[in-house]
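Participant: FYI, in this note's numbering the residues of the sequence shown are 1216 to 1345.
I should point out that these hints are in silico values taken from the structure, not numbers from a laboratory.
Please note: incorrect hints may appear among the correct ones.
What the hints assert, rightly or not - When the alpha-carbon atoms are kept at most 20 Å apart in a straight line, the in silico SDA-like pairs for lysine to any residue are as follows:
id	residue 1	residue 2
1	K1334	H1277
2	K1334	F1269
3	K1226	F1309
4	K1227	N1217
5	K1293	G1252
6	K1273	F1230
7	K1226	K1334
8	K1293	S1223
9	K1226	F1254
10	K1226	M1242
11	K1274	Y1314
12	K1334	Y1276
13	K1224	G1240
14	K1293	F1254
15	K1293	A1233
16	K1293	F1309
17	K1273	A1233
18	K1273	A1330
19	K1274	G1252
20	K1274	F1309
21	K1226	K1293
22	K1293	G1240
23	K1273	T1324
24	K1274	N1217
25	K1227	K1273
Keep in mind the model is a prediction, meaning the values are calculated, not measured.
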Amino acid sequence: MNEESIISKIKKQLFIIAMGIVVIGIMLGIALSDTMGMFYNILIMPTIGAIGYFALNKKAYHIPIALFVFSYVGLFIKYIFQGIFEEGFIISMFVMPVYWSGIYAGLCTVGVIIALLLKIAFGKEVKNES
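Turn these sequences into a full structure, and let the hints steer you where they fit.
Facilitator: Spelled out as structure tokens, the structure:
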């Protein structure tokens, strides 16, 4: 086998593993919403953003957007099944998940920015030859 094909297969497998970790992290973060462990999301969401950055590089902005959409839908369904909106206004049914999703997407964006800065800080250094 060719070295390039082996390296490309390894990269593809690492990408799939990283995306799997991101999806599992998103589901775990949504499951922790409105529980005693919801403050673990302060650690989980930036980690998801950082892993997403290292997996997607320049397309890392997709991770916070996907996190926002998935968390909105997940929380909306969760709140419907819990019956939280039966007593309130219909508008609150659509607005309440936006707050949590915005917080989670913001934390994920912080993780992407941290990963970007780490990549810049530990990247190749150009030596000045003077």
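Participant: Are the hints correct? Go through all of them and say.
Facilitator: Status of each hint after checking the structure:
1. Restraint check for K1334 and H1277: satisfied, since their Cα atoms lie roughly 18 Å apart, inside the 20 Å limit.
2. With a C-alpha separation of about 9 Å, the suggested pair K1334 and F1269 falls inside the 20 Å cut-off, and the hint holds.
3. Taken as a hint, the K1226 and F1309 pair is broken in the structure, with Cα atoms around 40 Å apart against an allowance of 20 Å.
4. Our distance criterion of 20 Å between C-alpha atoms is met by K1227 and N1217, whose separation comes to about 16 Å.
5. A C-alpha spacing of about 16 Å is found between K1293 and G1252, which places the hinted pair at or below 20 Å, so the restraint holds.
6. Between K1273 and F1230 the CA atoms are separated by roughly 14 Å; this keeps the pair inside 20 Å, and the hint holds.
7. Restraint check: the Cα-Cα separation between K1226 and K1334 comes to about 18 Å, which is no more than 20 Å; the hinted pair holds.
8. Between K1293 and S1223 the alpha-carbon distance is near 40 Å, which puts this suggested pair outside the 20 Å criterion.
9. A threshold of 20 Å between alpha carbons decides the hint, and for K1226 with F1254 the separation of about 33 Å lies outside it, so the pair is violated.
10. Pair hint K1226 plus M1242 does not hold up; C-alpha atoms about 24 Å apart against a cutoff of 20 Å.
11. A distance of roughly 24 Å separates the Cα atoms of K1274 and Y1314; the hinted pair therefore is violated under the 20 Å criterion.
12. Annotation: proposed proximity of K1334 to Y1276 holds, straight-line Cα distance about 16 Å (limit 20 Å).
13. Taking the CA atoms of K1224 and G1240, the gap is about 24 Å. The hint is violated against a cut of 20 Å.
14. As the CA atoms of K1293 and F1254 are separated by approximately 18 Å, the hinted pair is consistent with the 20 Å bound.
15. Note on K1293 and A1233: the hinted pairing is violated, with a Cα-Cα distance of about 26 Å set against a maximum of 20 Å.
16. For the suggested pair K1293 and F1309, the alpha carbons sit about 12 Å apart, so the restraint of at most 20 Å is met.
17. A hinted pair counts as satisfied when its Cα atoms are at most 20 Å apart, and K1273 with A1233 qualifies at roughly 15 Å.
18. The straight-line distance between the Cα atoms of K1273 and A1330 is roughly 12 Å, inside the 20 Å bound, and the hint therefore holds.
19. Of the supplied pair hints, the one linking K1274 and G1252 is violated, its CA atoms being roughly 30 Å apart against a limit of 20 Å.
20. Between the alpha carbons of K1274 and F1309 the distance comes to roughly 28 Å, so the proposed pair goes past 20 Å and is violated.
21. Restraint check: the Cα-Cα separation between K1226 and K1293 comes to about 36 Å, which exceeds 20 Å; the hinted pair is violated.
22. Between K1293 and G1240, the direct Cα distance comes to roughly 17 Å. Compliance with the 20 Å bound is thereby established for this hinted pair.
23. The straight-line distance between the Cα atoms of K1273 and T1324 is roughly 13 Å, inside the 20 Å bound, and the hint therefore holds.
24. Restraint check for K1274 and N1217: not satisfied, since their Cα atoms lie roughly 29 Å apart, outside the 20 Å limit.
25. For the suggested pair K1227 and K1273, the alpha carbons sit about 17 Å apart, so the restraint of at most 20 Å is met.
Hint compliance for this structure: hints 3, 8, 9, 10, 11, 13, 15, 19, 20, 21 and 24 are broken, all remaining hints hold.
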